[in-house]
Structures are given as C-alpha cells and as structure tokens.
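K.L.:
Chain by chain, the residues run as shown.
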Amino acid sequence: MPPERREPREAALRHCLQIGVDAIKAGRSPLDVVELVVRELEDNPHFNAGKGSVLTSNGTVEMEACIMDGNTKKCGAVSGISTVKNAISVAKLVMEKTPHIYLGFDGAEAFAREQAFSDGMETVDSSHFITPENIERLKQAKAANRVQIDYTQPIPKAEEETSLPNGDSQIGTVGCVVVDGYGNLAAATSTGGLVNKMVGRIGDTPIIGAGTYANSLCAVSATGKGEAIIRATVARDVAALMEYKGLSLKDAATYVIEECTPERTAGLIAVSATGEVTMPFNTVGMFRACATEDGDSEVAIWHDEPCD
Amino acid sequence: MGGWAIAVHGGAGVDPNLPNERQEEAKQLLTRCLNLGISALRSSLSAIDVVELVVRELESDPLFNSGRGSALTEKGTVEMEASIMDGPGRRCGAVSGVTTVRNPISLARLVMDKSPHSYLAFSGAEEFAKQHGVEMVDNDFFITEDNIGMLKLAKEANSILDSNIRAGILRCSGGEADPNERPPNQRYAPETVGCVVVDSQGRCAAATSTGGLMNKMVGRIGDSPLIGAGTYACDLCGVSCTGEGEAIIRGTLARDVAALMEYKELSLQEAVDYVIKRLDDGKAGLIAVSSKGEVAYGFNSVGMFRGCATEDGFMEVGIWE
Chain D
1 MPPERREPRE AALRHCLQIG VDAIKAGRSP LDVVELVVRE LEDNPHFNAG KGSVLTSNGT
61 VEMEACIMDG NTKKCGAVSG ISTVKNAISV AKLVMEKTPH IYLGFDGAEA FAREQAFSDG
121 METVDSSHFI TPENIERLKQ AKAANRVQID YTQPIPKAEE ETSLPNGDSQ IGTVGCVVVD
181 GYGNLAAATS TGGLVNKMVG RIGDTPIIGA GTYANSLCAV SATGKGEAII RATVARDVAA
241 LMEYKGLSLK DAATYVIEEC TPERTAGLIA VSATGEVTMP FNTVGMFRAC ATEDGDSEVA
301 IWHDEPCD
Chain C
1 MGGWAIAVHG GAGVDPNLPN ERQEEAKQLL TRCLNLGISA LRSSLSAIDV VELVVRELES
61 DPLFNSGRGS ALTEKGTVEM EASIMDGPGR RCGAVSGVTT VRNPISLARL VMDKSPHSYL
121 AFSGAEEFAK QHGVEMVDND FFITEDNIGM LKLAKEANSI LDSNIRAGIL RCSGGEADPN
181 ERPPNQRYAP ETVGCVVVDS QGRCAAATST GGLMNKMVGR IGDSPLIGAG TYACDLCGVS
241 CTGEGEAIIR GTLARDVAAL MEYKELSLQE AVDYVIKRLD DGKAGLIAVS SKGEVAYGFN
301 SVGMFRGCAT EDGFMEVGIW E
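Chains D and C supply the protein sequences, listed in that same order.
Going by the working numbering, the first residue of the first sequence is number 1, and it counts up by one from there.
Going by the working numbering, the first residue of the second sequence is number 1, and it counts up by one from there.
With the rest of the complex left out, here is chain C (with noise of 0.2 Å):
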C-alpha cells in the first residue's frame, strides 16, 4: 500500500461498433499518455503537474473529445471546458466557453494559480489567458474533419428525433428527448478525458477537459468544468468523471466517492462501486486514485477508455468491461 498510481481516460459511453482500428488507436493513445505520467511520477513530479501533463497530452491529439477533436456547437464551432483540482487543500480551477486556447486544461490551472477565482468563462476567460500570454490558436485549429461530419448526422438524426417526438411517436417531458431515444451517434459520443493521480507523497489530484456535448446549444456547460461534478479531489482521493453531463452533475459524482470515503468511511472501491451502481437512469464512468495509492474505476456505460497503473508495476489499458 502506498507509492505513486495513476488512470486515464477518454470517455465513457463507447460505440459498441467501433472499429478494430480505431480501438487500437485508443489503447495506444491511452498507453502513451499513462507512461507519459508514469515517468513524470518517477521524476517525483507532484501529483498536480502530473495530471496537467497528462490532459494536455489528450487535449492534444484530436482522437479524444477535448482541445483538438472536440465536438462541435450546433453552430459548428468549438468551446470547450476543463478544471483541475489540487487535493491538499483542495485548490481548484475552471474554465469555460474557450474558443482559442490551446491548452484548457492548462488555463484552468492558470485560473487557479494565478487569479482571485476558481472559475472564469468565456470572453472573460479568454481575456485573462490573454493577459498571461497563454498560446491562442483560431477556432479551426481545433476543428477535425470526423467531427463536422459527426455533427451533420447529429443535426440529421435529431431532426429526425424531433419530428418524431412532435408526431407523438416519442414521448418527451418539457422538450427532452427520452434519453433512451438519442441517435446512435450521440448515445455513443464519450465527451471527455480526464487524468487522477496520487504522488508518492500521497497527495491526489484531479483533472478533467472536454469539447462537451456534439451539436449543443452554444454556451452549454456540462459536468466536467464543474467542481464536484465532473472533477474533485482532497486529502482522501481524486476522481474524475465522464458521461451523461446531466446524470454527474445532479449526482454531484467526484464528489460522492470522497464523501463516501469521509462520511461513510467506504474503502475507493467501495464507493466507486456505490456511487456508479446509484446511476439508475444516467450512463457515466469515473476513474478514482485513493491516499493510500490505490486505483479504481466503474462505469455503468457501454465501455469507456481507460488506462492505470501502479508503483508496483500493475498496468491496465481497456475499453469494455
């Protein structure tokens, strides 16, 4: 017990279709990214750098829904979200609504580090990363040719839904669609990556960064900018989370397994376990690291990419259960 763990992941919800090819991309991207960690682990990197290291890392390569490879607005633009915590004293950091920086992940530690608040969006987030020279890039630089044709179908298949629902073919409470009735290509669009770390020093830390929901409205925020949501970390452990933006946040998910570990006094396990199997009507996954140096996971989802790895030299990378 105790020593350096780390996971990664890229997203909960997976086409249960996806091509060979493309998986093994995943496994290889999800690889890379863990000894990525694991040698800045093994520099003694605090866990905080660490999981920065990391997301960036994902941010970077367009295979993930986050910085490149995000998923598209219904205006076909990009905006996208991150936030990171600091477990020892639960420092956080947030951003929202950006357009043209390279790095979210990178400016909501800026957010954190550098400024009075914990949470700064759009035009005012931009601003900010202005002012600290932050590297700004157009829109298009974050635009994939996979993703404009994803949003199309998305716009097609919820046309479809759409009149649909109006022949009373679906049902629908207040003009939501029923979850269960999503195209395709939406029930199986993992939104985010996310990285969790504990250093040697037993210190846990948090960070998640998406492009969020394909063909949202512009100016949707989801779950994973939001602390206590998407993202949580203390003295206890540090979690990140994917999925159903709606189901994290009313189930206020990272913050549920560190309750549980607090107020419960669950084992990681346990609480991971207790707080995925409580997910009646939404599909999300989490990836969890403890104080101690444990590493956990669940999902209730069709798959999700992931990937962890302990001092001990246990290493994992998945899709499906």
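In isolation and in its complexed conformation, chain D is listed as follows (with noise of 0.2 Å):
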C-alpha cells in the first residue's frame, strides 16, 4: 500500500488511540470513551464511518453503529442515518432516552431531531459524508458489477502500482473497546456498511452479538464482511467460549477468527475485563491500534506486526 494511503490513516489511528487514552487517565467511563474515539473516526473521512462512508447502490450514505455497556449490558443501536454527524452518538441516545434499544431508517433519523438540542447530534445534508474516492469506489464496483466487502481497490488516479487483492480492506468499519482500572468495559462500532450494497441493507455492526458485544467478561468490536460476521455471531461467541468454556481472551477471539468465519471475512479488537487486548483478523490487513496502561502502544497494518 503506498504510503499516501497508509500514512493518513496511521496518523488518525494514533490520534484517536491518544483521545481515547487521555480520557480514561481523566476518568472517563468507558462507555463515554468509546463514544468519544468512534466519534473521531467517524469524523475522519478516511474510515467507512461518518464522512468517508462507503455508498450504496444508489449512491447514498445510509450509516449504522452500536454501543454497548459490559456492565448492565444495556445497549443502543441504529441503521439507515444518513443526515446526523454522529450516528453512534445517535445509538447512544437511543439506549439512554428511549424504551427501546434499536431505531432505523426515518424513525431514527425523526428521532435525532428530536434530540437536536443534545450533544452530538449535528445534522448536516447528507452529501457532507460523501468522498470522491467513494464516488470511485461506487464506480469500480458496479462496473465489476459487485458488492465489495472491503473496498481498498486501488483507484487507478490515486496510485501506480496494484492492488491489494480483491476482497480485503483497509479501512472497514470503525471501532473501539475499552477496559478502565477497574474492570468495567465498553464496546462500540460504526459504518457506513458494503460499496455499493442495497438500499436498506443493515450488517453486522448494529446487531448485539454480531458486530458488537459487551458484558462483565469483555468488550468486541468486528470488522469485515457483514453477513458472514452475523452467521457466526463473533462478537458473543468470543465472549461466550471465554464464559462457558473458560478460554482467555486471546484464544477466545484466535478462535472465533480461525475456526468460525471464512479466510478474508473477518477481524476483530477485544479487551478483557483483567486488562488484556487481542486484535486477530483472517484479512491481508486490519488498521489497527491499542494502548494499555503499562504505557504499551501500538498502530499496526499487516499481520506480521506485533500487537498484542
């Protein structure tokens, strides 16, 4: 990958891994953190989330996240956002103003009017998320006549040289989980889903158990192909083999990754509630960051690349 595309988006992982990092040594829950670093990504339209969302087959942004509490396991989560800022911001209001846990489409988007006046929920007119590298990508995809999962293919104006093989990603969904000192967790994730997917399509990230999960054992983030991540429910069953099979947390989530979803479907981050981290993925790469409070930290791309 040439370093004008990789540079970037190293630059933010380390940026937001800092955001997150000062708010937990400021006393920040966890939840507030992960709210507050998928924002920053969100933000970045380097990263399938927020601005720099990948689009439909219509061209359109129709954005989706999730949030979720270990502790009470309460969690919040919409689909279909397509003129907020924020749309985690958004999932986050849902689990903590309304009765329910999930909203999509025109009723989420009716509701964060509604909650116009709190924080982070900003609208904008929804060509404020679209990128021209997106336009690009939307481009390539229909002429392959596709539904890209992750959708580095190179963009012949951007770069010389080739492709990263067909299928892989590099900036995919956007995530965070977090563990403070005292063992509480936080799970949230982000994306504006599959180049050139269906109108009304929803993947795995707004779906508890899937792309998210969170409970009083850990907190995980997916990342990868949507309908693969669902069938395999990877964010729970890293989650549950630690809880009912007793593996730690590396070996919980080597597994999900190895043994239940497909070569060059899936990748995910966890950390533990004893403060441990593990960021395994079956991809040719996943941007990827962590820091623990020993003071280790770490950004990293390829699998060779040490990080947990």
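Treat the hints with care, since some could be wrong.
[What the hints assert, rightly or not] Just so you have them, the derived chain D footprint on chain C, three or more residues with Cβ under 8 Å:
1. 89–97
2. 111–123
3. 217–227
4. 250–257
In short, the hints are calculated from the structure, not lab data.
Even for Gly, the Cβ is constructed at its ideal location relative to N, Cα and C.
Taking the hints as your guide, dock the two standalone chains into a single complex.
P.N.:
Listed below in structure tokens is the structure:
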C-alpha cells in the first residue's frame, strides 16, 4: 500500500488512540470513551464511517452504529442514518433516552432531530459524508458488478501500483473497545456498510452479538463481511467461549476468527476485564491500534506486526 | 432418539385474565399450525420449508401479533419484522420495517435465498419485494379493530405512566420506565410468533415474525429479526424467542442456547433452562429443537402460547406453566 494511503490512516489511529488514552486517564467511563473515540473516527474521511462512508447502490450514504455497556449490558443501535454527523451518538441516545434498543431509518432520523439540542446530534446535508474516493469506489464496484466487502480496490488515479487482492479491506468499519482500571467494559462500532450495498441493507455492526458486544468479561468490536459476522455471531462468541469454555480472551478471539469465519471475512478488537487486548483478523490487513495502562502502544496494519 | 420434531409459539407474557374463549382460540390455532407442520414433515419437506410454511400460517391469522393482527406503532401503522435461519450452513435472512408485504417471513427467506445480503429494512426491503413480485397489500390489511383499541389503551396508560414519572411517583432512569410498572396491556402483550423444526435428516431451522411492541416508536427494531437474539439455528439446534425484546437482545438468547450446547456441552433442555434462569430482570420465553429430534421450551413470563410435537406421536399445546 502506498504511503499516501497508509500514512493518513495510521496517523488518524494514533490520534484517536491518544484521545482515548487521555479520556481514560481523566476518569471518563468506558462508555463515554468508546463514544468519543468512535466520533473521532466517524469525522475522519479516511475510514468507512460517518464522513467517508461507502455508498449504497443509489449513491447515497446509510450509516449504522452500535454501543454496549459491559456492566449493565445496556445497548443502543441505529441503522439507515443519513443526515446525522455521528451515528454512534444517536445509538447512545437510543440507549439512554428511549425504551428501545434499536431504531432504523426514518424513525432513527426523526428521533435524532427531536434530540437536536442534545450533545452530538448535529445534522448536516447528506452530501457531507460523501467523498470523491467513495464515488469512485462505487463506480468501480458497479463496473465489476459486485458488492465489495472491503474496498481498497485501487483507484487508478490515486496510485500506480496494484492492488490488494480483491475483497480485502483496509478501511473498514470503525470500532473501539475499552476497559478501565476497575474492569468496566464498553464496545462501540460504526460503519457506512458495503460498497454498492442494496438500499436498506443492514450489516453486522448494529446487531448485538454480531459486530458489537460487551459483558462483564470482555468487550468486542468486529469488522469485515457483515453477512459472515452475523452468521458466526462473532462478538458474542468471543465472550461465550470465555464464559462457557473457560478460554482466555486471546484464545477465544483467535478461535472465532480462525475457525468460525471463512478466510478473508473478519477481524476484531477485544479487551478483557483484566486488561488484556487482542486484535486477530483473517484478512490481509486490518488497521488497528491499542494501548494499555503500562505504557505499551502500537499502531499496525499487517499480520507480522506485533500488537497483542 | 432422532426423527423429526416441531415447536410453535404465539408469544410469551399472557394476560392471566385472558377470557377462556380467547384461550381456546389460541390453542386451536396452535394445534392447526402444528398439524400443518406435521403433515409437511411427513411429506419430507425440509426443516427450512416447514418453518416458513408454519410461520406464514401464523402471520395470516389475526389472533397473534404478526402479519395480520400485528401490534401498531405510535402512529397507528404496522411495521413488521421477521427472520429465518437454516441450520446447515447457518444461512439467514431478516427484514424489518415491512409495511405492505403480506408475509414478512417469506420476504426474509427471499433475502436469504435471493439477495447478496442477510438483512434488509424499510423502503429497501419493500423495493426488493416489489422487484421479486412478492404479494403486496395496503398497510390497512394488517390492522385489526382489536389492535386499534389496544393502541388507545396503551397511549392512555402511558400518559398516566409518564405523568406519574414526572410527578416522581415512579422512578425512572434515563427516560425509561421501570418495566414492572408497564401498564397491564403492555405487560401482557405477546409480541411474536415462531416455529422451530428438525426434520428427519436432522436438519434444524428456526423462524420468527412479529409486529413488535404496541405503541412502539416508528422505526423501532426488536429482537425478532436479529440473528442470535430472537432466532438462531445451526447444526445442533433451532431456537425462536419471544418476550421483552431488550432482555432477549442483551442476552443474545437464541445464540446462547446453541453456544451452551456447543461450548459447555449441555443438552437441549439443560441449555434452555440455563438461559431462562439467567433472565434476571427480563421476561421471555423460547422454543427449541435439537438435531437429535428433541424439543424443549422454557419461559419465565406469565404464560407462553406454545405447541410441540415429535415423530413418536408426542403432541402438546399449552399456555400456562
């Protein structure tokens, strides 16, 4: 991957990681920290969430997000957001201000508008989210007549070298998982979905247990091919393996990625109540970053880079 | 051991004062659906076909909360959702926000079989349905007099509920009412229908369909279309849940039954009991079958409309404990 495509993303991850670390040190709750970090990732146009979201087959943006609190297992999710800057904040408000867990499409947008004066409910024109790179990606996907799982299909104008193998992601869903010094856990995930997806298509991100999950043992956020992550209930299974089979966080996460999802379809980040971190993936790369209290921190993309 | 098995449900959380007449009607419908499924199994239809067939029947009857007879949104409209899962291969399909498709479960099946995705919602789902020539009707078709009345009661009770909360009579966290204080017609508003089947080849399947919560916000999605929450099927079992959506979602109920069998090696009944026991503050129920031909159910709510049958001739329909 050429530096001009890699560096902005690595820099963004470093920046978001620092925001998260600072917030944890300032005593913010894990729930607040994951929201804060994901908002930052949504605002960054280099990732497939918020601004920079991939486009539906109609050339529009339909974003979805989900947040879960490990202690209470309270959760919030939204799908079909098209004019609110930060879908993750809408998800959090659904969790906090409605008797429901999940709102979609017109109903979600209407709710966000009602909450307009709450923090973080800024609405914008949907063109705000659309970037030239994504218009190009959609064009390519249509030309190839396929739905792209991962979409760093090279854009001829932006780079000379070829490609990464089809279907391999380098800018996927965004997510954040946090454990504080007391073992409190939270997870948050946000995405624009799949390039050229059908209007109304919902992926794994807003489905509790698929793309997002947190309980008193661990917090998990997954990325990759939504359909595969849903079928394998990826996020829940990491926790279930720890709970029902006594596996460690690392073993549970590795098992789910290596045994439960097909090659090139999934990756995840996870933290445990005891402060461990793991970030396995079966795709060629996964943009990721982690930091722990003892001062270790890493930003990485490929497999041979140590990060857990 | 082995052989086919089938279970159906019409919702958990039944009004203990439900008139006998309604109880009888419910039992008759459950019996009819079981028999439909049993004939299909005897004709060697596969599990995935049987669950769809049976849930279509439940959707068509206005008695339970799905298809015709669905609960109404706060705006008095119907928004239905459904999901279906095929154990072998764990293929799945789901829809939400369906307003004009006569049988949401069949649309969910179509998403599974004929689209590159697993879950379609709202106008996207309706568009997909149109493209495939699925039977469409007006939204009015699904609305019943009973439910118009129920919506009115729910709104009246909620406004009482809301003013009690505001007056500090009831505690409330973040705008959410204490679930124990839900007005009676919402406490006992069964929310879903479902069917689980294992066929004579040991293949499991599950299907769930609903109109959702009475007086729900427009756009609200519950547990029924969420794979792992309201519906799940794999090589080992098929599960369909009903009850308080929140409890089912955070408990990933349907997946947990299977995960307990898979990772903790519990039997079907043990897994069902474990999962129900753990529902501390939520009220829910579920039906399940295993690839070995067993059938099981459990609920911690006041009643669950259900029926089950196995190849060896066992058949039971019930509402209460």
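K.L.:
Would you mind marking each hint as holding or not holding in the structure?
P.N.:
Hints, one by one, checked against the model:
1. 89–97: Coverage by chain D holds for the region 89–97 of chain C (6 residues, Cβ < 8 Å).
2. 111–123: holds (count 9)
3. 217–227: holds (count 8)
4. 250–257: holds (count 5)
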